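Colleague: In case you want the letters, here they are:
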Amino acid sequence: MLLSVLREVLDYKYKAPQILLSPWSFSFKFVLLISSVVFSITQQIIIAIAYVIALLSILLVLGLWRSTIYIITSILILHASMTLGALLLHGDLARVTRFTLVAASTLPVLVLIASTTKPSALKRMPILYLLSIVFNNVLREILDVVTVYRARGVEGLNYWLRVIIASITLSISRSSSLIDSLRSRGIEVEKEH
Amino acid sequence: MITVELINVWVYYGDKSVLKGISAKFTPGVHVILGRNGAGKTTLLRAIARLVEFRGEIIVMGKSIKGLKRRDLVKLVGYCWQNPYYGFIEATVRDEIRATLDTLRLPGNWEVVKLLVSEELMERDPFTLSGGEAKRVSMASILIADQPIWLLDDPFMFLDKSGVDSILRLVEYGRSRGKTIIATMHEVFYASLLKPDTYIILDQGVISSSGEWQSLSDDVLEKAGILPRGEICASICTSRGIRL
Numbered sequence: 000m001l002l003s004v005l006r007e008v009l010d011y012k013y014k015a016p017q018i019l020l021s022p023w024s025f026s027f028k029f030v031l032l033i034s035s036v037v038f039s040i041t042q043q044i045i046i047a048i049a050y051v052i053a054l055l056s057i058l059l060v061l062g063l064w065r066s067t068i069y070i071i072t073s074i075l076i077l078h079a080s081m082t083l084g085a086l087l088l089h090g091d092l093a094r095v096t097r098f099t100l101v102a103a104s105t106l107p108v109l110v111l112i113a114s115t116t117k118p119s120a121l122k123r124m125p126i127l128y129l130l131s132i133v134f135n136n137v138l139r140e141i142l143d144v145v146t147v148y149r150a151r152g153v154e155g156l157n158y159w160l161r162v163i164i165a166s167i168t169l170s171i172s173r174s175s176s177l178i179d180s181l182r183s184r185g186i187e188v189e190k191e192h
Numbered sequence: 000m001i002t003v004e005l006i007n008v009w010v011y012y013g014d015k016s017v018l019k020g021i022s023a024k025f026t027p028g029v030h031v032i033l034g035r036n037g038a039g040k041t042t043l044l045r046a047i048a049r050l051v052e053f054r055g056e057i058i059v060m061g062k063s064i065k066g067l068k069r070r071d072l073v074k075l076v077g078y079c080w081q082n083p084y085y086g087f088i089e090a091t092v093r094d095e096i097r098a099t100l101d102t103l104r105l106p107g108n109w110e111v112v113k114l115l116v117s118e119e120l121m122e123r124d125p126f127t128l129s130g131g132e133a134k135r136v137s138m139a140s141i142l143i144a145d146q147p148i149w150l151l152d153d154p155f156m157f158l159d160k161s162g163v164d165s166i167l168r169l170v171e172y173g174r175s176r177g178k179t180i181i182a183t184m185h186e187v188f189y190a191s192l193l194k195p196d197t198y199i200i201l202d203q204g205v206i207s208s209s210g211e212w213q214s215l216s217d218d219v220l221e222k223a224g225i226l227p228r229g230e231i232c233a234s235i236c237t238s239r240g241i242r243l
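Residue numbers (numbering that gives the first Met the number 0), protein chains in the order written: chain A, 0 to 192; chain B, 0 to 243.
Chain A extracted, bound-state conformation (with noise of 0.2 Å):
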């Protein structure tokens, strides 16, 4: 389920609505992500609910009904289990729900960050450039990688284990690959020695 998500991110940015892809709209949705955040805070809770409610119908219309689903289903596991610890050690369940609320208004905008913001866009701040062109090239490695478990035959935890080192140490190697195409194209990401 998480790797067809991450397929769907990774390839909404050749059909999304060109308004979102647009430089300048980095801006409104990193407003609406820090919005996300004081919002599930400050709201009483049935509003915050419906502001929730609200970004995940955006992610509907624009077609990414993968990731709603999965958004979906990780908050309610994430509440459930939360509940789950605070009745049994006694916690507060109202900072528990405040707490799923923060996660399920940011999620949405998170992936609607990734699925429609290209690197391009961020060329004025280097390290997040630098940061969306990783995660763009690493997580389609990773899907490579994945395929290449799969035909081996890995399964169950190995299977995890082994693709969670994987993207670490592909994020590592990759990065400094990816200095250096940049560098080559004039653009420096880090100061030079």
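In short, the hints are calculated from the structure, not lab data.
In this text the structure is predicted, and so the values were computed from the model without any measurement.
Check before you lean on any hint, since a few could be wrong.
What the hints assert, rightly or not - If you want the footprint, here are the derived chain A segments under chain B, 3+ residues with CB under 8 Å: (1) 40-46; (2) 128-136; (3) 169-178.
Yeah, the Cβ is synthetic: ideal placement off N, Cα and C, and Gly gets one too.
Following the hints, position chain B against chain A.
Modeller: Positioned in the frame of chain A, the structure of chain B alone reads:
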């Protein structure tokens, strides 16, 4: 006119020296750097592009590259890396090709793109391209800036016959426009196709041999651990009118 000059260049990876006091001069034309795997070919190109730290001096178009701003250096030196997939930074081929121009604020030389990339690839995701297509897109995305110096790291990697032909056309185009083209490879057959003016053989970080391409002998190649020009290679090149 000397366009690239290396003076006693040393490169270290940790404690290990990868290039050991390399000195060389390049003029406009095609120059091939040959050597077995791990000989230091890529590192030499990366040093000229200032992508690795080095000791010594590298002068490009009369200027020390140590004192140049990155953007000014990239306007002089176009470095095309080996594995194209490691360097893609944009979501479409068109954006990928435009990336360097947007950074350098140059109009670009779209002739280079025409030689390498077909129009139907322009809206594709670079990661979905085949190896040969990706290699050509990657090269076009750098050389579109029309630098006077082209550094081609294993330019024939991943390429089929049409890809090889497009690289040969590109090199001929560069030669006709007075570019200094320095290409690394470990197969003398591909090197011959480029009709180089000079060669350098690197072995364990030092220049073991250099000179005019015509003077390169099989003995020298064999000593450096490179496959010599055999009869098959000779017959193919002869049929294409290439003098070995």
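Colleague: Confirm or reject each hint.
Modeller: Going down the list of hints, with the structure as the test:
Closer than 8 Å: that is the beta-carbon criterion, and the region 40-46 of chain A has 0 residues meeting it against chain B, so the requirement of 3 is violated. A count of 3 residues in the region 128-136 of chain A with a Cβ less than 8 Å from any Cβ of chain B is obtained; the coverage claim is therefore met, three being the minimum. For the region 169-178 of chain A, the proposed coverage by chain B is satisfied: 3 residues have a C-beta within less than 8 Å of a C-beta in that chain, meeting the threshold of three.
When each numbered hint is compared with the structure, a violation occurs for hint 1 only.
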